[in-house]
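Chain by chain, the residues run as shown.
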Amino acid sequence: MVETVLFFIFGIAAIFGAISMVWARNPVYSALGLMLTMFSIAVFYVSNAGHFVAAVQVIVYAGAVMTLFLFVIMLIGVDKSESRKDDLRFQRPAAVGLLGLLIAGVLIAGSAAWTTGTRQPGADVNGTIENVGDMLFRRWLLPFEITALLLIVAAAGAIALAYFKPGDEEGDAA
Amino acid sequence: MVGNLDILAIAPEIALTAAVVVLLLVEVNFDPHPRVWGGIAGVGIVAATVLSVFQWVEWSGGSGELAFSGMITGDGFSAMAGMVVFPLAGLSLMSGWRLVTEMRRRGAEMVSLLLLAAAGAHLMAASANLIMLFIALEVFSISLYVLAGFTRSRADADEAALKYFLLGAFASAVFLYGVALLFAATGSLSIYGDPTIYEAGARGIIRADAGIAAFLDSTIILEPGLLLAGIALLIVGLGFKVTAAPFHVWSPDVYQGAPGGITGFLAASAKVAGFAALARVLTVALGANIADWAPAVAVIAAVSIVLGTLLALAQTDIKLMLAYSSVAHAGFILTSLVAGPAGVAGMWFYVATYAVSVVAAFGVAAIVSGHTMGRSPLSSYEGLARRSPFLAAVLGITMLSMAGIPLTTGFVGKLAVFTAAADAGYLWLVILALVASVAGLYFYLRVIVLMYFRPTSDDAITPRVDWSSGIALGIATLATVLIGVVPWWLLNLLNDALPF
Amino acid sequence: MTVTPGWYMALAAVLFTIGASGILLRRNALVMFMSVELMLNAVNLTFVAAGRNLNVLDGQVSVFFVMVVAAAEVVVGLAIIVAVFRRRQTASVDELSEMRG
Chain S
72 MVETVLFFIF
82 GIAAIFGAIS
92 MVWARNPVYS
102 ALGLMLTMFS
112 IAVFYVSNAG
122 HFVAAVQVIV
132 YAGAVMTLFL
142 FVIMLIGVDK
152 SESRKDDLRF
162 QRPAAVGLLG
172 LLIAGVLIAG
182 SAAWTTGTRQ
192 PGADVNGTIE
202 NVGDMLFRRW
212 LLPFEITALL
222 LIVAAAGAIA
232 LAYFKPGDEE
242 GDAA
Chain U
285 MVGNLDILAI
295 APEIALTAAV
305 VVLLLVEVNF
315 DPHPRVWGGI
325 AGVGIVAATV
335 LSVFQWVEWS
345 GGSGELAFSG
355 MITGDGFSAM
365 AGMVVFPLAG
375 LSLMSGWRLV
385 TEMRRRGAEM
395 VSLLLLAAAG
405 AHLMAASANL
415 IMLFIALEVF
425 SISLYVLAGF
435 TRSRADADEA
445 ALKYFLLGAF
455 ASAVFLYGVA
465 LLFAATGSLS
475 IYGDPTIYEA
485 GARGIIRADA
495 GIAAFLDSTI
505 ILEPGLLLAG
515 IALLIVGLGF
525 KVTAAPFHVW
535 SPDVYQGAPG
545 GITGFLAASA
555 KVAGFAALAR
565 VLTVALGANI
575 ADWAPAVAVI
585 AAVSIVLGTL
595 LALAQTDIKL
605 MLAYSSVAHA
615 GFILTSLVAG
625 PAGVAGMWFY
635 VATYAVSVVA
645 AFGVAAIVSG
655 HTMGRSPLSS
665 YEGLARRSPF
675 LAAVLGITML
685 SMAGIPLTTG
695 FVGKLAVFTA
705 AADAGYLWLV
715 ILALVASVAG
725 LYFYLRVIVL
735 MYFRPTSDDA
745 ITPRVDWSSG
755 IALGIATLAT
765 VLIGVVPWWL
775 LNLLNDALPF
Chain Y
7 MTVTPGWYMA
17 LAAVLFTIGA
27 SGILLRRNAL
37 VMFMSVELML
47 NAVNLTFVAA
57 GRNLNVLDGQ
67 VSVFFVMVVA
77 AAEVVVGLAI
87 IVAVFRRRQT
97 ASVDELSEMR
107 G
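Heads up: the sequence lines are chains S, U and Y, in that order.
When the letters of the first sequence are read in order and numbered with my numbering, they come out as residues 72 to 245.
When the letters of the second sequence are read in order and numbered with my numbering, they come out as residues 285 to 784.
When the letters of the third sequence are read in order and numbered with my numbering, they come out as residues 7 to 107.
Because the hints were derived from the structure by calculation, they are not lab data.
Keep in mind that this is a model prediction, so the values were computed, not measured.
Mixed in with the good hints, there may be bad ones.
[What the hints assert, rightly or not] Chain U stretches covered by chain Y per the calculated footprint, using a threshold of three residues with CB under 8 angstroms from any CB of chain Y:
#: 1; region: 415-421
#: 2; region: 441-454
#: 3; region: 464-477
#: 4; region: 721-728
Virtual Cβ for every residue (Gly too), placed ideally from N, Cα, C.
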């Protein structure tokens, strides 16, 4: 019962946040809408026994990532709200139509069966830090190591893109 | 837990990552001459290639192994991916070396990102788990986003990077949704499964994972809607990466906007890595459902071939022409995959030789119109044969190979691919592809006519070929001709490069 | 009325589509990028809900990895957007010169 109430409250909040993110002209409102959706999804993680990922969702996603977004929005300036005039008159309705087909397909497929894999026997999943850590450092050890590669790429890439030093490179036109 | 064979499976990545870390540390602390970066990167690439050869010796011909709890495979397929990708990275680095030195200190990051992209590409081919594949895909793509926007001398370079990034991230998200739906449909993320049962955990056992392939082999799914949606999204996501139509919209801008010295690598590595991943996922994980995905792949192949050829006909810039022709080539390569496992050897031949040609073609374009430059109009190739016979010969042979003229690799590749598709019963696709190949002759031969039979304009500059790009272009051309004349040993070799 | 994991997966499909429509309808690079993040969040919700239904923890571990990837993507993506902005003083994709496919 509690889960049903939570689902509807935060489900509506998540969809409202998502739509306002896409719709808002001002990027700050978009970021706030996305934050609302991310918090709602964190609640859903808890109802689905994902305690650790819920915490990470709030700290990393809604916290760090969205703060970065807001920082860049403020850096770039919020006064430039874009015009919504359509110059791709034909492509956009077609794209939206395709998306409609996609969601209809997934929902129809899902209404028949949302999971068709074999349900594993045993106690229900419980995503505590202990259990997730157990998985992470046993079966998922290699992907965990490869994320280090990903972080080197991100660090080197950010330095390469953001390293502005006058006179130290080819025709610094910026 | 972690055995020697486990380490061998990721040994090339270890070599490349070690080279990257050493390179970055040396650069920061000693600010050496760019030659030092080149030396370190060269050692890393040679080591990775040699280790891939070791992998080949150990695993080729269907005697593969799973390593790291079913996360990665060591088999002929992944070894072959290494033996293609790492030399390709070396060739690209040599042909783009002028660009690296022009970047001054930022050149070190450029070399590191190129090495990391190569590592990611090999991991994509070796992944035996869809989340592992996703992480490898991101290591690879994020490096390429940065490389595409590396120069700051032109506005269209960072715009190309932005466009590439937004569409690439979108494609990754679509791919990941496909993975999630496949997980829901099969109950597993692992292609081959993880036979290990971990007993001693604090919370009891982690159960063995049957794997997607085994599940689909043994189970008839009564409501396959979710599975089909997942397969469709996977194909769309990877179709973006390999520039198959209609998911190719980013490639012309990116190939024209990115710094010339690196474009060849962007184009070639994306094809190799994307098709390797696609081949393993489709033929192994979804091998039991070939009747579901093969028609979809055939349609995408047909659309790519037709659209790519038609759009390439209209271009007046050689990079745009190469971009659209790469869409058509993506279609030709997809043609081999409709045959399932029987087409994998043909796919390898086509992908590997096309990648070499594309590096050579963009290498010539970079010399003719500048290493940091994007645009390369066809008019600047008029009379190139008189100004630089070497470059004209390289580009000419590359064009002949891409057009599929006999005695070049392009012909053998097309032959292998079309035979596989015809054997699988897709005759309509083969006929369509043959017609498109003939139409394609026009725009490939036009370049040759421009170079050899047009007078050079008076103000045209004589392009200067530096020794490192000269060697790289020479190797690429030699490989195109030699393998084109005697392809049989390579074709035989590739029969052992199947996923196990 | 009991909420099954299928409901969450349906909600995730709706969120994914809203995110994808953001990519297709908006021209502001930052909003387009946020739409990608929304899509990744929807996928994460799918992973967790499906994992609960299948009674395996791999779904939640995948979410963890997706978050790492998304964080790395954000770093590089925002760096690219800032680099473009420094040159052009705009974040609108339409104002970028002749960049159309």
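Taking the hints in turn, this is what the structure says about them:
1. Only when three residues or more bring their CB closer than 8 angstroms to a CB of chain Y does the claim for the region 415-421 of chain U stand; here the count is 3, and the claim holds.
2. Here the region 441-454 of chain U counts 10 residues with a CB under 8 angstroms from a CB of chain Y, which clears the bar of 3, and the coverage holds.
3. Three residues within the 8 angstroms Cβ limit are the bar, and the region 464-477 of chain U against chain Y gives 7, so the coverage statement holds.
4. Coverage of a stretch by a chain is defined here by at least three residues with a beta carbon nearer than 8 angstroms to that chain's beta carbons; for the region 721-728 of chain U and chain Y the count is 0, and the condition is violated.
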